Amino acid sequence: MSELVDNPATRRIMNLASGAAFAGLGLFLIIASQQFEDAGRSTPVFIGCGLMALAVLLIVTEIAKSEFLPIPESDGGSGRRRLVFVVLMAVWILTLPYLGFLFGCSLMFILVAMAVPRSKPWTIRSIALHALSGIITTIGFWFALTYLLSVPLPVPSIF
Amino acid sequence: MEFLAYAGAATSPTILAIAVAGLIIGIVLGALPGLSSTFSCAVMLPVSFSMDPTTGLIFLGTVYMGSTYGGSFAAILVGTPGTPQSITTTFDGFPMAKRGDGGLALSIACISSVFGGIFGIIVFLWLAPPMAKFALLFGPAEYFWLALFGLTIIASLSEGNLIKGLVSGFLGLALSQIGVSVVSGDMRFTYENTALIGGIPIIPATIGLLCMPVAIDLIANVTHHLEAPMHARSTRFKESVAAIWARKLNLLRSSVIGTVIGIIPAAGGAIASLVAYAEASRAAKPDDRYGEGDPGGVIASETANNATVGSGLIPTFVLGIPGTPTDAVILGAMMVHGVQIGPRMFSEHIDIVYTFVGGMLLATVLMLPIGLLLGRYIYMAVVKMPKTYLVPMVTLMLLIGAFAIQNSYDDIVIMFCLGVLAWAIGRFGYPAAPVVLGLLLGPIAEQGYAQALMIGRAKQDVGGIFFGSTVSMVLISCIVASIFLPPLLRKISTLQTKGMRNV
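Protein sequences appear in the order of chains F and G.
Residue numbers for the first sequence, in our numbering: 395 to 553.
Residue numbers for the second sequence, in our numbering: 37 to 539.
These are calculated hints, taken from the structure and not from any lab test.
Check the hints yourself; a few may be wrong.
Quick partial rundown of chain F residues pointing at chain G, CB under 7 Å, derived from the structure [unchecked claim]: (1) Met408; (2) Ala417; (3) Leu423; (4) Gly471; (5) Cys499.
Here the structure is a predicted model, which means the values were calculated and not measured.
Note that CB positions come from ideal geometry on N, CA and C, so glycine has one too.
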């Protein structure tokens with residue numbers, strides 16, 4: 395995140411939308427806290443009020459002085475790859491209890507590797523090399539965590 | 037002289053070998069994202085039981101020291117803090133690595149860690165009993181003010197936009213409200229989800245909030261992760277020493293901050309490095325570029341977090357109250373070894389105390405060559421590693437880091453959800469670091485406030501409880517100064533510049 399979003403209209407919409415969302419969150423905190431006892435309610439209500447006040451201040455500042463609130467631009471690159479990565483990670487996490495650590499992580503290692511942009515095209519050899527690295531890395535971590543650090547890792551439940 | 041006699045025992049070949057092994061194990065474990073020094077010491081605890089009390093304690097102490105420094109590796113080279121203590125190291129360490137100065141940043145981190153570590157141990161040696169009394173001055177109201185003081189750091193983490201930084205901080209405070217209330221016992225915002233009853237766990241949350249966005253952005257570009265270094269074969273030791281010498285006041289201030297915060301039970305290295313970073317950036321010269329790769333940021337963070345190692349042992353040894361979570365593990369190890377904790381320890385087990393301190397001092401000095409050597413090779417490995425290996429490796433380590441602390445699958449889910457949230461709010465210009473700060477300080481502030489209020493009501497002197505003690509007044513002064521001094525100084529500086537132009 396380095397450069398700033400140049401388009402003032404986009405910047406304004408992003409700041410106003412996020413300000414409204416945080417004001418909504420503050421309001422939700424205040425309403426949802428009403429069911430708690432007095433002692434447990436005071437802090438979330440205080441936080442909700444603070445969040446709302448800051449969000450309103452942000453909206454007012456944006457409307458009054460649009461130059462004041464910069465939004466960083468991302469480093470660029472592919473948004474589609476970012477989405478693929480997030481989806482792959484979600485699948486990785488969701489399937490972990492079923493596939494177990496060894497199989498699940500070895501499989502996802504190569505899938506995530508293939509989602510990374512590469513200057514050279516993928517060949518059978520490069521896929522095999524990455525798969526092998528994934529298996530070796532996963533086994534290394536599995537061995538270290540299970541036998542040296544006594545951390546029980548998820549075991550597969552579908553086999 | 038008594039110390040030198042006992043500390044000499046720590047120079048035996050066996051203890052030296054164990055200290056070196058502890059350091060390397062600690063550095064390697066600390067370098068993995070999420071594996072904190074508490075985790076590193078906890079998993080090495082059974083190993084220490086096979087040793088005699090002094091050797092076992094030295095082993096754990098060196099693992100602690102090594103893992104605290106090891107956290108800087110991932111923070112600098114990948115932008116993902118290996119431990120919560122090194123969150124602030126990412127702010128300047130990673131930008132330095134991106135422009136090809138990763139080796140320099142690692143060497144600065146190593147030298148600063150060694151200095152901070154030695155400073156904390158020396159303070160422990162000389163001031164343990166009187167400083168422990170200082171820790172006892174902290175009641176609920178003082179903890180409340182300390183947490184508020186910590187929150188003022190948001191101003192320096194807000195990357196030029198204070199309102200958005202404060203919104204992020206309040207989002208962190210809101211997240212800290214999830215789970216059973218420490219004050220009333222209410223189940224707050226859990227919605228019958230058992231995973232949330234204990235609240236949002238700090239380690240998976242830190243990994244998610246600070247590491248996941250980096251991983252998401254890593255995958256988007258074909259360009260190499262880090263700039264190739266200009267000085268591939270060098271640790272840039274002389275340059276590092278020169279950079280630190282030019283910021284010697286920062287080094288000293290951060291050592292003092294780390295030492296003082298380390299003494300306060302349960303405050304820990306994460307808060308120490310945050311406060312030291314904030315103070316360093318507040319005292320910055322106009323040319324300094326904190327947050328954009330200024331060596332001063334790495335110096336402040338690494339010096340302070342390593343200074344807490346020695347000073348955190350003061351309340352642990354003298355009062356039996358652990359100064360940091362990792363000290364709680366060391367306290368447990370001492371109890372298993374049958375070492376009696378408390379003021380009498382300095383009369384009945386002085387041999388253990390002095391040999392332990394001697395071993396720690398030696399290990400800290402050894403950390404300089406070991407850290408510089410490891411840093412050099414790990415840096416080159418990360419720079420040369422193709423992204424197709426680096427990204428899945430980092431992702432795998434994020435998963436392991438989130439899981440390993442509590443062996444909980446739910447922690448991985450929490451890490452993932454907060455990671456996506458942090459990336460999303462980051463696109464709107466809201467920094468993730470204040471969210472972590474809010475999450476970290478929220479429970480301390482709430483508990484301190486509620487307890488102080490209850491005591492105040494019982495004594496019918498609420499004002500006296502909150503404002504009556506000297507420590508409270510010092511902390512309140514620090515809060516006021518933190519908020520109003522930087523803009524005031526900026527204003528004065530602008531006026532002076534205008535005046536000079538007019539002349």
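What hints, given by number in increasing order, does this structure fail? 2
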